[in-house]
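*Asks:* Please build the complex by placing chain E on the supplied structure of chain Z, with the hints as guidance.
Here are the chains, one letter per residue:
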Amino acid sequence: MGAALAGYLTFTLMLFGGWELASRLVLVNAELLPPPSEVGAILLRLLQDPRFVADLGLTASEVGVAFIVAAPLAISTGFLLGERLHLAQTFNPIVHFILAVPQSVFLPVFILAFGIGYFEKVLFGITHAYFVILVNSFAAVRSIPIPLVAAARVFGATPTQIYTRIYLPAMLPLILTGLRLGMIFCIIGVLLAEMYASRHGIGRLIFSWGEAYQVPELLAGILLISFLTIVVNEAMRFAELHVGRFNARASTA
Amino acid sequence: MSKSIIQVDELGKTFSAGRAQVRALADVSFSIEEGRFVTLVGPSGCGKSTLLQIIAGLVGPTTGEVRIEGERISAPMPDKIGMVFQDPTLLPWKTALANVEFPLDLRGVERTVRRRRCAALLDLVGLREFADHYPHELSGGMRQRVAIARGLAQDPRLILMDEPFAALDEQSRTRMGHDLLDIWEKTGKTVFFITHSLTEAIYLSDRVLVMSPRPGRILESIAIEFPRPRELDIIGSEAFGSIRNRIWHLIAEAQP
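Residue numbers (our numbering), protein chains in the order written: chain Z, 1 to 253; chain E, 1 to 256.
Heads up, some of the hints might be wrong.
To be verified - Cβ pair distances, simulated, as ranges:
1) Z:Thr158 with E:Ala166: 29 to 39 Å
2) Z:Gly7 with E:Leu232: 52 to 62 Å
3) E:Gly60 with Z:Thr160: 21 to 31 Å
4) E:Ser44 with Z:His242: 39 to 49 Å
5) Z:Arg142 with E:Lys186: 33 to 43 Å
6) Z:His242 with E:Leu232: 40 to 50 Å
7) Z:Leu80 with E:Leu58: 20 to 30 Å
8) Z:Thr160 with E:His133: 22 to 32 Å
9) Z:His96 with E:Gly241: 54 to 64 Å
10) E:Arg116 with Z:His96: 47 to 57 Å
11) E:Gly60 with Z:Leu5: 49 to 59 Å
12) E:His133 with Z:Gln214: 56 to 66 Å
13) E:Leu58 with Z:Pro108: 51 to 61 Å
Said to hold, decoys possible - Just a sample of chain E residues kept apart from chain Z, beta carbon distances all over 10 Å, derived:
14) Glu10
15) Ile183
16) Glu231
17) Ile243
These aren't lab readings, by the way, just hints derived from the structure by calculation. Here a beta-carbon is modelled for each residue, glycine too, at the ideal position from N, C-alpha and C.
In isolation and in its complexed conformation, chain Z is listed as follows (with noise of 0.2 Å):
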């Protein structure tokens, strides 16, 4: 874990000590690529912008309302289909042929059929977080070890003791991987939608600063999405890591 965290440190100094370097020596064009001091001055700038702020809440709000919606359909479906193997044969295919897609080509689609409004890009988060939670939540079912569910009845669990002490715990691991992916895939599905077609939101403003050329703004939005991207999905990831820490080779001991 220090390693670890030390290996970070160094990583992020060396990132920014080399592009604030090449750019106030001029071994890249200062224009594409500001330095990064005068890059996290602009951020500091925005963050007091009460404009800035909204925006940035706006595709918050859509892709946390896209999430909260998709994450119990989909995990769900993929419990019943888990549960139901005769309907996971009809429909598993399907599942796999709309992964196999790439969802932005049904973006203009999207448009078409519901507008550029908040509804559209939540929607469009939605179709894409559901379908790899979905694929998760099927094969957490799948992963119950069997054993555990006879041993569990022998001592006189009832059923609903059985969903709850077994599957739910013994499928935690499994569901928590399908919820970060998902998330990871909503933000990509609004952001997407922000950028493509939209009066509003973090990823409209990215757009535009990049059509206006506002390089300093552009990469302070860049480098902010980037940053809470990451905290989303580390914080996720940690809790995915506390929970599977026992299911590591021990699924049917």
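*Replies:* The following block gives chain E in isolation, referenced to the frame of chain Z:
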């Protein structure tokens, strides 16, 4: 003469596999007296585990019935029947102690009561210091000891054991058998044990039931009369060898 605790009457089990019918058990009858250690031996796939699952109440028989203390078994009876499986089947996310407590936890036994009782059981199986370890931190033999303690947690009358030491190496297996006898003598439970090791069966048991290949039926019931407590030395004795030969011939001659 002690009374029989469990009675198996003309038990038959047929599975349907697609259109084919597989007859796993045919006409199995026997009974076990209270406090005895009885072992069932038979070739792989003879229906031993099916028989045990029926007694555990996990699957229903096609014909016949099993009674425990006169009561017909149609579902698991956790207060009367404990079980130790071939895999330890411990919950990986619970500590050794919490795993032993699990059956009591399911039935809502108060935490301090179950903790005290289960700590004593862990002590009985020699794992007092490992109460807070997780299953993946324990060896195969230790996991099976936890499973034995868990099987005893609800203080059942009968313990079913489905080849519990099959996955262990020879040395741990012998050691576990020896310790199991010790536990059995201390607790006075009735044990119904399944194995395909003839040595294990004879060393452990008061009586060995010999089962035929599928469809399984009881070929013979052989009383084992070595005095207890038993030492491992008896395994090398002539008397032990002749019983083993007899069982071996019974099984070999029954092969189709």
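*Asks:* All the hints need checking, so say for each whether the structure fits it.
*Replies:* Evaluated hints:
{"no.": "1", "hint": "Z:Thr158 with E:Ala166: 29 to 39 Å", "verdict": "holds, 30 Å"}
{"no.": "2", "hint": "Z:Gly7 with E:Leu232: 52 to 62 Å", "verdict": "holds, 55 Å"}
{"no.": "3", "hint": "E:Gly60 with Z:Thr160: 21 to 31 Å", "verdict": "holds, 22 Å"}
{"no.": "4", "hint": "E:Ser44 with Z:His242: 39 to 49 Å", "verdict": "holds, 41 Å"}
{"no.": "5", "hint": "Z:Arg142 with E:Lys186: 33 to 43 Å", "verdict": "holds, 42 Å"}
{"no.": "6", "hint": "Z:His242 with E:Leu232: 40 to 50 Å", "verdict": "holds, 45 Å"}
{"no.": "7", "hint": "Z:Leu80 with E:Leu58: 20 to 30 Å", "verdict": "holds, 25 Å"}
{"no.": "8", "hint": "Z:Thr160 with E:His133: 22 to 32 Å", "verdict": "holds, 29 Å"}
{"no.": "9", "hint": "Z:His96 with E:Gly241: 54 to 64 Å", "verdict": "holds, 60 Å"}
{"no.": "10", "hint": "E:Arg116 with Z:His96: 47 to 57 Å", "verdict": "holds, 52 Å"}
{"no.": "11", "hint": "E:Gly60 with Z:Leu5: 49 to 59 Å", "verdict": "holds, 58 Å"}
{"no.": "12", "hint": "E:His133 with Z:Gln214: 56 to 66 Å", "verdict": "holds, 59 Å"}
{"no.": "13", "hint": "E:Leu58 with Z:Pro108: 51 to 61 Å", "verdict": "holds, 56 Å"}
{"no.": "14", "hint": "Glu10", "verdict": "holds, 24 Å"}
{"no.": "15", "hint": "Ile183", "verdict": "holds, 19 Å"}
{"no.": "16", "hint": "Glu231", "verdict": "holds, 32 Å"}
{"no.": "17", "hint": "Ile243", "verdict": "holds, 32 Å"}
Violated hints for the displayed structure: none, as all numbered hints are satisfied.
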